[in-house]
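Chemist: Position 491 of the sequence shown, counted from 1, bears residue number 491 in the UniProt record's numbering, the numbering being contiguous throughout.
Check before you lean on any hint, since a few could be wrong.
[As the list claims (entries may be wrong)] Below, in silico cross-link-like pairs of lysine-lysine (DSS-like), each with a Cα-Cα straight-line distance of 25 angstroms or less: (1) LYS399 x LYS349; (2) LYS843 x LYS832; (3) LYS792 x LYS649; (4) LYS622 x LYS592; (5) LYS399 x LYS377; (6) LYS395 x LYS433; (7) LYS622 x LYS728; (8) LYS420 x LYS80; (9) LYS593 x LYS622; (10) LYS832 x LYS861.
It should be emphasised that the hints constitute simulated quantities derived from the structure, not laboratory data.
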Amino acid sequence: MYKSAKIIRKEFLDYFSTELNHKIIPSSSVIPWCDSSVAFINAGMNQLKGIFLGKEEAPGGRLVNCQKCIRVGGKHNDLKDVGLDTYHHTFFEMLGNWSFGSYSKEEACRYAWRALTELYGINRSINLFVTYFGGDQEMQIAPDLETRDVWRNIGLPDDKIRACGAKDNFWEMDLTGPCGPCTEIHFDAAGSGNNLTELWNIVFIDHQRLTDGGVVPLGRQFIDTGMGLERLVALLQNKNSNYDTDLFQPLFQAIHKSSGAPEYAGKFGDQATLDTAYRVLADHARMVTVALSDGSIPDKNQKLRRVLRRATSLAIDTFGNNDLLTELTNHVAESLGDVYPEIQDNLKKIQVITNYEKELLISQRKSTGEAWKTLLKMNPRLSTINDPYSPGIIKAYTKLMKLKSKSSNFVALSGKEAFKIYDSHGLDLEAIKELAEVEGIKVDDEGFFKEMEMVRITSRAGKQTNRRVVAKKTLEQLKVLPQTDDSFKYQYAFDDKYTFSPLECSIIGVVIDGELETKSIKLTENQLNNSEIALILNQTPFYASEGGQLSDQGIIKLKNSLFKVSVVEKSEGYVLHYGTFDSPVEVNNKNKKVTAKIDSERRVNLMMHHTATHLLNAGLRKIFPAVAQRISVVTPLDLIFRFSTFGKKFSPQHCQELDSLVNKCINQNLDVKTEGISSLELMNQKNLTLIPGEVYPDTGLRVVDVDGELKSREACCGTHVHNTGVLKNFCITEVHPKSSHDYLIKAVTGPQAKNAKTKTQLNYLVDVKGKNDKKEIIIDFMKSEIERAVEKSDGCVIHCMKSNDIEPESVPLQLAYNYCDNLPMFLIVMSKKKIRARCFVPKEFQSTYFNAKLWMESINKVLPVELGTFGDEDPLSTSHIKIVRTSKDKIENQAEEAAAEAEKFAALYFKKLKIKKNN
Numbered sequence: 001m002y003k004s005a006k007i008i009r010k011e012f013l014d015y016f017s018t019e020l021n022h023k024i025i026p027s028s029s030v031i032p033w034c035d036s037s038v039a040f041i042n043a044g045m046n047q048l049k050g051i052f053l054g055k056e057e058a059p060g061g062r063l064v065n066c067q068k069c070i071r072v073g074g075k076h077n078d079l080k081d082v083g084l085d086t087y088h089h090t091f092f093e094m095l096g097n098w099s100f101g102s103y104s105k106e107e108a109c110r111y112a113w114r115a116l117t118e119l120y121g122i123n124r125s126i127n128l129f130v131t132y133f134g135g136d137q138e139m140q141i142a143p144d145l146e147t148r149d150v151w152r153n154i155g156l157p158d159d160k161i162r163a164c165g166a167k168d169n170f171w172e173m174d175l176t177g178p179c180g181p182c183t184e185i186h187f188d189a190a191g192s193g194n195n196l197t198e199l200w201n202i203v204f205i206d207h208q209r210l211t212d213g214g215v216v217p218l219g220r221q222f223i224d225t226g227m228g229l230e231r232l233v234a235l236l237q238n239k240n241s242n243y244d245t246d247l248f249q250p251l252f253q254a255i256h257k258s259s260g261a262p263e264y265a266g267k268f269g270d271q272a273t274l275d276t277a278y279r280v281l282a283d284h285a286r287m288v289t290v291a292l293s294d295g296s297i298p299d300k301n302q303k304l305r306r307v308l309r310r311a312t313s314l315a316i317d318t319f320g321n322n323d324l325l326t327e328l329t330n331h332v333a334e335s336l337g338d339v340y341p342e343i344q345d346n347l348k349k350i351q352v353i354t355n356y357e358k359e360l361l362i363s364q365r366k367s368t369g370e371a372w373k374t375l376l377k378m379n380p381r382l383s384t385i386n387d388p389y390s391p392g393i394i395k396a397y398t399k400l401m402k403l404k405s406k407s408s409n410f411v412a413l414s415g416k417e418a419f420k421i422y423d424s425h426g427l428d429l430e431a432i433k434e435l436a437e438v439e440g441i442k443v444d445d446e447g448f449f450k451e452m453e454m455v456r457i458t459s460r461a462g463k464q465t466n467r468r469v470v471a472k473k474t475l476e477q478l479k480v481l482p483q484t485d486d487s488f489k490y491q492y493a494f495d496d497k498y499t500f501s502p503l504e505c506s507i508i509g510v511v512i513d514g515e516l517e518t519k520s521i522k523l524t525e526n527q528l529n530n531s532e533i534a535l536i537l538n539q540t541p542f543y544a545s546e547g548g549q550l551s552d553q554g555i556i557k558l559k560n561s562l563f564k565v566s567v568v569e570k571s572e573g574y575v576l577h578y579g580t581f582d583s584p585v586e587v588n589n590k591n592k593k594v595t596a597k598i599d600s601e602r603r604v605n606l607m608m609h610h611t612a613t614h615l616l617n618a619g620l621r622k623i624f625p626a627v628a629q630r631i632s633v634v635t636p637l638d639l640i641f642r643f644s645t646f647g648k649k650f651s652p653q654h655c656q657e658l659d660s661l662v663n664k665c666i667n668q669n670l671d672v673k674t675e676g677i678s679s680l681e682l683m684n685q686k687n688l689t690l691i692p693g694e695v696y697p698d699t700g701l702r703v704v705d706v707d708g709e710l711k712s713r714e715a716c717c718g719t720h721v722h723n724t725g726v727l728k729n730f731c732i733t734e735v736h737p738k739s740s741h742d743y744l745i746k747a748v749t750g751p752q753a754k755n756a757k758t759k760t761q762l763n764y765l766v767d768v769k770g771k772n773d774k775k776e777i778i779i780d781f782m783k784s785e786i787e788r789a790v791e792k793s794d795g796c797v798i799h800c801m802k803s804n805d806i807e808p809e810s811v812p813l814q815l816a817y818n819y820c821d822n823l824p825m826f827l828i829v830m831s832k833k834k835i836r837a838r839c840f841v842p843k844e845f846q847s848t849y850f851n852a853k854l855w856m857e858s859i860n861k862v863l864p865v866e867l868g869t870f871g872d873e874d875p876l877s878t879s880h881i882k883i884v885r886t887s888k889d890k891i892e893n894q895a896e897e898a899a900a901e902a903e904k905f906a907a908l909y910f911k912k913l914k915i916k917k918n919n
């Protein structure tokens, strides 16, 4: 009897929840908000990682769910195989059940066996085989004979039970983290055992992989099982390919109907280009829809952008429909929306972002197309690159070729160098490996991930210490001491005003210039004047700089001295209070008892501005269907909020609307509620605002909630007022467009907001549109002029841009390289009385006689050249002259003569290219 994917999914959940008393937990987001070790959730157990590591309590002894998963990089990377075979996918659903001390290996195996043979009716005597872990000498783990005997007891003959090594039967979530031996149930349609397809993986998690590569016992055992829904559906629907099931066929039909392409025929191999494109596009549409619905954004996740652009390129180039990917998101929502309602809830946002990325790709194709074509002529093998218009790919390839040129036997790219390319040019590892493969170079994957992990650790440490350096030895020494209890930072009383009680504490350490002192120490006047001093307390009411909020200030009172706290920071759970003593002091057992008191006025201002930041963010999300927070800084004086929009741009009208929304919320006197949640609860929160690209701590999480017409619900560790009415007023004082869809807002609350309204708001409303529009007009002017010049050029690009409405100094000539980075280019811009020029010479065209500096000096006969310099520029690659002021009647002739001189110089010293003048 035919069963749809929806029925098969439901039967699995019902079997474990109803018959076997498992608690159904919802699928978490595919974004690992509390885990930096993976780009996406790639298994059902990811959201339970904190339980496996003993950091959290399990919500039940028996759990079951259907988890959204994405695999596009890292240890589990299915991207390269998608479309080429019958079963690899970027997005898939994982059916799974777990035991946290509730049942044994034998029960886990029996539950799975009964589900397959009785619930789904698979022939146990012909089609099913099992494998178990056969041990590993390197990890010093013995064979799992207990599991072998379980299968024997269930009734499987020995010829259907096979021992396998760690590669096949030792499961690891990623390069680090929980792991353990596993047993797998396989299906073979013929029953010979020669063509096994894995169905169900049952993992006995009892080990942990460390960052140094070592594997150690976890101290307890959990059971984690997983079975891919797509593969199970294909088997039960009697299909040879996952793509032939009802999970994909509706998408193929939609592609055919919208594009007019021949129908999907299910072919594989080198000649099946169209069918492969069908499979890739359908798969990627599912992945993109799910990732965007869960809050991921392309420019914060290069793996997502890579998949999105590949799908968009297929829609445009193969199926001839620019809007096809966006259209397919409707069909994905129809297929998955009832199981994962967040897809339907966020469909408008998903489509705004896919349309925005489509327009961005089309624009980048226009601007870098010629440069890529030039590279293709030099090396036709580059035609295998999936996304040749990816930002940074040309510079990354240039960097790779430079490294290759340094050695005649350059066949391997180290992890460190690969990470440098990733970090500098924004390409993910798969794109780097594609470029390297073209040149016959292998990439050290493991070294890349180790370098990434080291950078993450360093980055986290840098954020925590906020430019102050705490010696590694100090951090190691601190581990013997209890971490600082800073929960008191959230305590206050309110009776017309906020009051914060002093807190009795103990000094457990003194850090002097990054070095820890835990014993008695006498601080001299010289140390007080010349050293950086921090006190570490056992408990504190001070808020350390976190989540964009600046730290508290205040005093710590000792028996005979006063310590003025200027900055508070947190490192590895220890709160460091930096400041100065008012006189020489000895810290010993007698005066380790101290009283800590924060600056109340500063704290209240911080609380007000932090709550206002949340309301501002909520207001933006109400106005725009898709918006992403970049940065927020909360100070006692104001708040700074940087964000990006997709589709619509931020206008003066939006500014007025945002101001009105926030002030209305303030006037409604709404309660600001906070609650503590675990990382598992965070993963399952709906309608929770999180910052794309941010990794949240796995302990001490809080949610701040304002529930009114303007709804705000954010994960936040900061301090807030208890009611919106405390803010009194809100006023946006400044808006700075940072790029086409990127903006920075400054705002204030309280009495200063009332004063600011009359002084700044009107000026802003008049000014922002002018700044915004003018900046875009100038960039569009320059871009179109360069594109026109490149089209006409046959070698060097020499072009004079003329405009009576645009001042030369406002034209960002330094950005011109972004629109043509593969040819020598000499640009002149002139207005009524001013001339400015800049030139670029790529390294491959430079010689003793031809470089940017010499080229710019060649126009000295016409214009008095004073070369400008920037510290980070190579004068051989780029050079410019400062503004030349001249008379109105001479300027046009001088500009044309300068262009002619530049052309002569290029013709003389660059004979290999034909130079044509561009008018």
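Chemist: Compare the structure with each hint and give your call.
Modeler: Consistency of the hints with the structure:
{"no.": "1", "hint": "LYS399 x LYS349", "in the structure": "violated (37 angstroms)"}
{"no.": "2", "hint": "LYS843 x LYS832", "in the structure": "violated (35 angstroms)"}
{"no.": "3", "hint": "LYS792 x LYS649", "in the structure": "violated (33 angstroms)"}
{"no.": "4", "hint": "LYS622 x LYS592", "in the structure": "violated (51 angstroms)"}
{"no.": "5", "hint": "LYS399 x LYS377", "in the structure": "holds (18 angstroms)"}
{"no.": "6", "hint": "LYS395 x LYS433", "in the structure": "holds (15 angstroms)"}
{"no.": "7", "hint": "LYS622 x LYS728", "in the structure": "holds (21 angstroms)"}
{"no.": "8", "hint": "LYS420 x LYS80", "in the structure": "holds (23 angstroms)"}
{"no.": "9", "hint": "LYS593 x LYS622", "in the structure": "violated (50 angstroms)"}
{"no.": "10", "hint": "LYS832 x LYS861", "in the structure": "holds (21 angstroms)"}
Of the numbered hints stated above, those contradicted by the structure are hints 1, 2, 3, 4 and 9, listed in ascending order.
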